[in-house]
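Chains as they are written, first to last, in the numbering used here: chain S, 1412 to 1672; chain A, 3 to 245.
Treat the hints as calculated values from the structure; they're not laboratory data. Don't take every hint at face value.
[Said to hold, decoys possible] Residues on chain S that point at chain A, a partial pick, calculated with CB under 7 angstroms:
1. Asp1453
2. Gly1476
3. Gln1478
4. Leu1485
5. Val1488
6. Ala1587
7. Ala1593
8. Ala1597
9. Ile1598
10. Gly1599
11. Gly1600
12. Ile1604
13. Gly1628
14. Phe1629
15. Met1665
Note that beta-carbon positions come from the ideal geometry of N, C-alpha and C, so glycine has one too.
Here is how the chains run, residue by residue.
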Amino acid sequence: MRSLNIAATGMLAQQRNVEVVSNNLANMNTTAYMRRRTEFQDLLYQNLRRVGTASSDTGTIVPSGVQLGLGVKLAAVYRIHEQGNLTATDNTFDLAVQGRGYFRVQLPTGEIAYTRDGTFQLNATGQLVTHDGYTVLPAITIPNNAVDVTVNQSGQVLVKLQGQVALSNVGQIQIANFPNEAGLNAIGGNLYIESPASGAPVAGNPASTGFGAILQGFLETSNVNPVEEISNLISAQRAYEMNSKVIKASDDMMSSLSQLR
Amino acid sequence: METTSLISLSRQAGLRRQMEVVANNIANMNTVGFKGEHMMFVDHFVRSRGGEKPFPEKLHFVRDIATFRNIQEGEITQTHNALDVAIANPGYFVVQTPQGERYTRNGRFQLDQSGQLVTQEGFAVLSEGGPIVLGQRDASVTIARDGTVSSEVGRLGKLRIVTFERDTELKQVGNTLFRTDQAPRPAERPHVVQGALEASNVQPIVEITRMIEVQRSYESLARFIDREDERVRGLIREVGQMI
């Protein structure tokens, strides 16, 4: 009985839906987390009676025919790259990108990763690093005798050195854009790496055309909307239950058949 | 005498297929842009063997003649994703696939690595002048009510939105795409909503009641066949005893 299989595909799809929702809720408070959404598609259709066949001797054409769908499949889980809320932390090395763009980070493997999580710190040598200790590119070193550090909107890092009045520029933070952000490969730890689907990165200075501005003392929160997630969860759960009801009904139909003499 | 069982069987076979249609609708109740389908049944007349009579007796068989798509618009849900678009009026987006143009109401679009606007499977979404390509400096995309796509750099194109004379005759080909031989014509009043998607138009309550109905009729037919069998058996036994 096909309806058993069809309902099973429905249950499987809703299970994935719940998994994605639970991951979103789990990361509700993760800095710069981008929420994921599941995308479903209907499966192929089976033609029991082709469209356009003649239904009588006089050549009446069947207008739509009998088409049976074979269920549903999970087409994709995609990220929604909507800007999260910006919250003030008043922390010198907390940076947020307002608009498009990713910070570039050097992984221990030598690869370059991209992130919007700007919770940066200084390491032992005064270099700007992520909370995992990976260097932010291009490398910026804050001198020991700096008393105040300012990062302006366009990413220039200005420090006030002890005993000096004028600010000195110690580096320029660059951010990267991708033609297709959704194609970036998430590797965990709030990091993404380039993939064939994302296209090649284009680096540029913050606040120039097409690039977001940098805000010092702010962090981007996750863009998870708890109310929306909960309502998604409810609808996924109900859909799961309904599919299981279809299985039950199909089973009852089969059993009534087997009770025949 | 055998026709009683045959007529019930014709109905049961149809009910099974109807169950499959219902199952597919329920399985796709969360599929963006999905349109539910119904089974259409007809009486199938067979002339009785009695020949020409003033009031001819005819037997009615049941046949599932067609699946019929419900083209009612699904609910429009907000997603806040700039590349999600829904059509609030009749109309379909045009998608270029290797097999030719296909039509869809699933407006879950994205960019591919070259910045071209594509569907989930990577098929190009067509504007009135071919595919739409975004440059790397096009930071924010706005899609106007009439389908015009623009960014701060300028106008990029206008989404092609088409309607058909007979909507219900479009064929589903999977992946929420439709195919037809009818000539598309431009939609008269396209109403495109950016940041929203059209949910599936499956009404769960209707589907569940239909499912219960299918299940119960199937069971009652099974009982009917059972009783008919008993009747025939009883008849044979009694007639047999007479000899």
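Here is how each hint holds up against the structure:
1. Asp1453: holds, 5 angstroms
2. Gly1476: Interface hint status for S:Gly1476: holds (6 angstroms vs cutoff 7 angstroms).
3. Gln1478: For S:Gln1478, the interface hint holds, since the closest Cβ of chain A sits about 5 angstroms away, which is under 7 angstroms.
4. Leu1485: Since chain A brings no Cβ nearer than about 10 angstroms to S:Leu1485, farther than 7 angstroms, the hint is violated.
5. Val1488: Violated - the Cβ of S:Val1488 stays beyond 7 angstroms from chain A, reaching only about 11 angstroms at its closest.
6. Ala1587: Constraint on S:Ala1587 not satisfied, violated at 10 angstroms.
7. Ala1593: S:Ala1593 check passes; min Cβ-Cβ to chain A is 5 angstroms, inside 7 angstroms.
8. Ala1597: violated, 16 angstroms
9. Ile1598: violated, 18 angstroms
10. Gly1599: Violated: closest Cβ of chain A sits about 22 angstroms from S:Gly1599, beyond 7 angstroms.
11. Gly1600: Violated, about 24 angstroms.
12. Ile1604: violated, 14 angstroms
13. Gly1628: violated, 23 angstroms
14. Phe1629: violated, 19 angstroms
15. Met1665: violated, 10 angstroms
The structure fails to meet hints 4, 5, 6, 8, 9, 10, 11, 12, 13, 14 and 15 from the earlier list, while all remaining hints are met.
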